[in-house]
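Protein chains: 2
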Amino acid sequence: MITARAIEGLGEIERGADLAALIVAAGADLQEGDVVVIAHKAVSKAEGAVRLLSDVRPGARAHELATEQARDPRLVQVILDQSRSLIRATHGVLICETTHGFICANAGVDLSNVEAGTAALLPVDPDRSARRIRESLAHRLGVDLAVVVSDTFGRTWRNGVTDVAIGIAGIAGVVDLRGTPDATGRVLEATEVCIADEVAGAAELVMGKDRSVPAAVVRGVDPSWLRRGSVVAEIVRDPAGDLFR
Amino acid sequence: MITARAIEGLGEIERGADLAALIVAAGADLQEGDVVVIAHKAVSKAEGAVRLLSDVRPGARAHELATEQARDPRLVQVILDQSRSLIRATHGVLICETTHGFICANAGVDLSNVEAGTAALLPVDPDRSARRIRESLAHRLGVDLAVVVSDTFGRTWRNGVTDVAIGIAGIAGVVDLRGTPDATGRVLEATEVCIADEVAGAAELVMGKDRSVPAAVVRGVDPSWLRRGSVVAEIVRDPAGDLFR
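Chains A and B, in that order, give the protein sequences.
Just so we're aligned, residue 12 is where the first sequence starts under the working numbering, counting upward by one.
Just so we're aligned, residue 12 is where the second sequence starts under the working numbering, counting upward by one.
If you're looking for bench data, these hints aren't it; they were derived computationally from the structure.
Backbone N, C-alpha and C define an ideal beta-carbon position, used for all residues, glycine too.
Do not rely on the hints blindly, as some may be mistaken.
Ranges between beta-carbon positions, derived for each pair [said to hold, decoys possible]: (1) D29(B) - R95(A): 34 to 40 Å; (2) S96(A) - E79(B): 28 to 34 Å; (3) D253(A) - D136(B): 30 to 36 Å; (4) D233(B) - S96(A): 35 to 41 Å; (5) Q42(B) - A251(A): 47 to 53 Å; (6) A81(B) - A127(A): 55 to 61 Å; (7) E79(B) - R99(A): 24 to 30 Å; (8) L254(A) - E75(B): 18 to 24 Å.
Here are some chain A residues the structure puts well away from chain B; computed CB gaps all over 10 Å [stated by the list, open to error]: (9) G44; (10) L64; (11) G153.
If we strip away everything but chain A, and leave its shape as in the complex, we get (with noise of 0.2 Å):
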């Protein structure tokens, strides 16, 4: 059995804020082996990875952009400074590959609950954000537990966006079911689950509409999944392999 639950009582999250200290004053219950999600707003507040839109200087291409698009060129040129590349603009959605290689709206930069005249960033490392907690909870705690840092990505041919894992440790991104049989006894073709993703989804059922609950704890997940020096970047297509770009 696998279960979901809100960790409630985080209040809004500060800059310089520990959210590890933060979940375990909050009173969670957490055992070994458990998946701490946390959406990466959280994250990104706490490390102060917000950019103030009064301080942004839009140069051409986000002026440019903007106007095509029907956004604030301010806000633009936050998305093309998080952007390695940009995909499609349409419909006032810029679809950005991210510094990191994650291919979604926006470069995952976000208005939505944070301060007015902020718009908060995808965290620069959001495996390292994960380690951190991880090992600030396992402190803290003496418990092993993994972490995984959400956030909400739309999908190709698919309407409305689910939650996925754009940070991770102490749990695999992509667990190879390659090789293994099937229960008739066939070989398999290819079955590599990104059980990340699947338990960032679980987690958001939980995180409340709004999203004011930033972090869930995931329990049951196969003990074989929890491995350390796991990286996003499993998740993360290649360029090469991708034919949708």
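Add chain B to chain A, keeping to what the hints say.
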């Protein structure tokens, strides 16, 4: 809290099997408001949505694609028969738009966990399949449940597959939070969450590595998501708004 539990003991699913009866006979603990998630392959087997490859006469297009992609031409013919259009063909995979409008590898046609020499198709009308199972469970148990028929899809820019909803009954596909104020009072721009896919993914986490357990119960979803009349077409992106085809 959300929980996901595997429904064990369904045994091998034969053509003509009554899945609702099997689930009840397996002693699955089911309550009002639960979501029963069933892997489509169980549904396809029960409904006879299976092709015997030796019965298939591949056409010219199938032969051509099969040579190009190093696949069995009979299997390619089955895939084309299930497709409205072919989006990409590469690395031995045909990315197809199925007759239902889903875009996925090989039009959902699958050789794993089926008898040798046969290929499992997607159900003809997965919403109808979900509705029938839901009605039969309601009749047998006297409780109102939701049903999700799931399949395993790849994603454009992310490694690893995840389970998604291909048929729904009694649960929304997408929950529209557009216009809902966030925790800071700002009105959210676009937060249509595909909760049906997140529920399918949560169920996958307990369905067992080799997919030999084809069903799970997800308990604790927000009651406002349990909507009669929901159809999976909510999740299928309108080709007109599709940037990556």
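How the hints compare with the structure:
1. Between D29(B) and R95(A) the CB atoms are about 53 Å apart, so this pair departs from the stated range of 34 to 40 Å.
2. For S96(A) and E79(B), the Cβ-Cβ distance of about 30 Å falls inside the hinted range of 28 to 34 Å, so the restraint holds.
3. A hinted range of 30 to 36 Å holds for the C-beta pair D253(A) and D136(B), which are about 33 Å apart.
4. For the pair D233(B) and S96(A), the beta carbons lie near 38 Å from each other, so the given range of 35 to 41 Å is met.
5. Between Q42(B) and A251(A) the beta carbon distance is about 48 Å. The supplied range of 47 to 53 Å therefore holds.
6. The supplied range of 55 to 61 Å is met by A81(B) and A127(A), whose beta-carbon atoms lie about 56 Å from each other.
7. Our hint of 24 to 30 Å for E79(B) and R99(A) holds, since their Cβ atoms are close to 28 Å apart.
8. Between L254(A) and E75(B) the CB atoms are about 19 Å apart, so this pair conforms to the stated range of 18 to 24 Å.
9. Distance check for G44(A) against chain B: the nearest CB is about 14 Å away, which clears 10 Å, and the non-interface claim stands.
10. Consistency note on L64(A): stated as away from chain B, and its beta-carbon is indeed over 10 Å from all of that chain's, at 14 Å minimum.
11. Distance to chain B confirms G153(A) as a non-interface residue, since its nearest Cβ pair spans about 24 Å, more than 10 Å.
When held up to the earlier numbered hints, the structure conflicts with hint 1 and nothing else.
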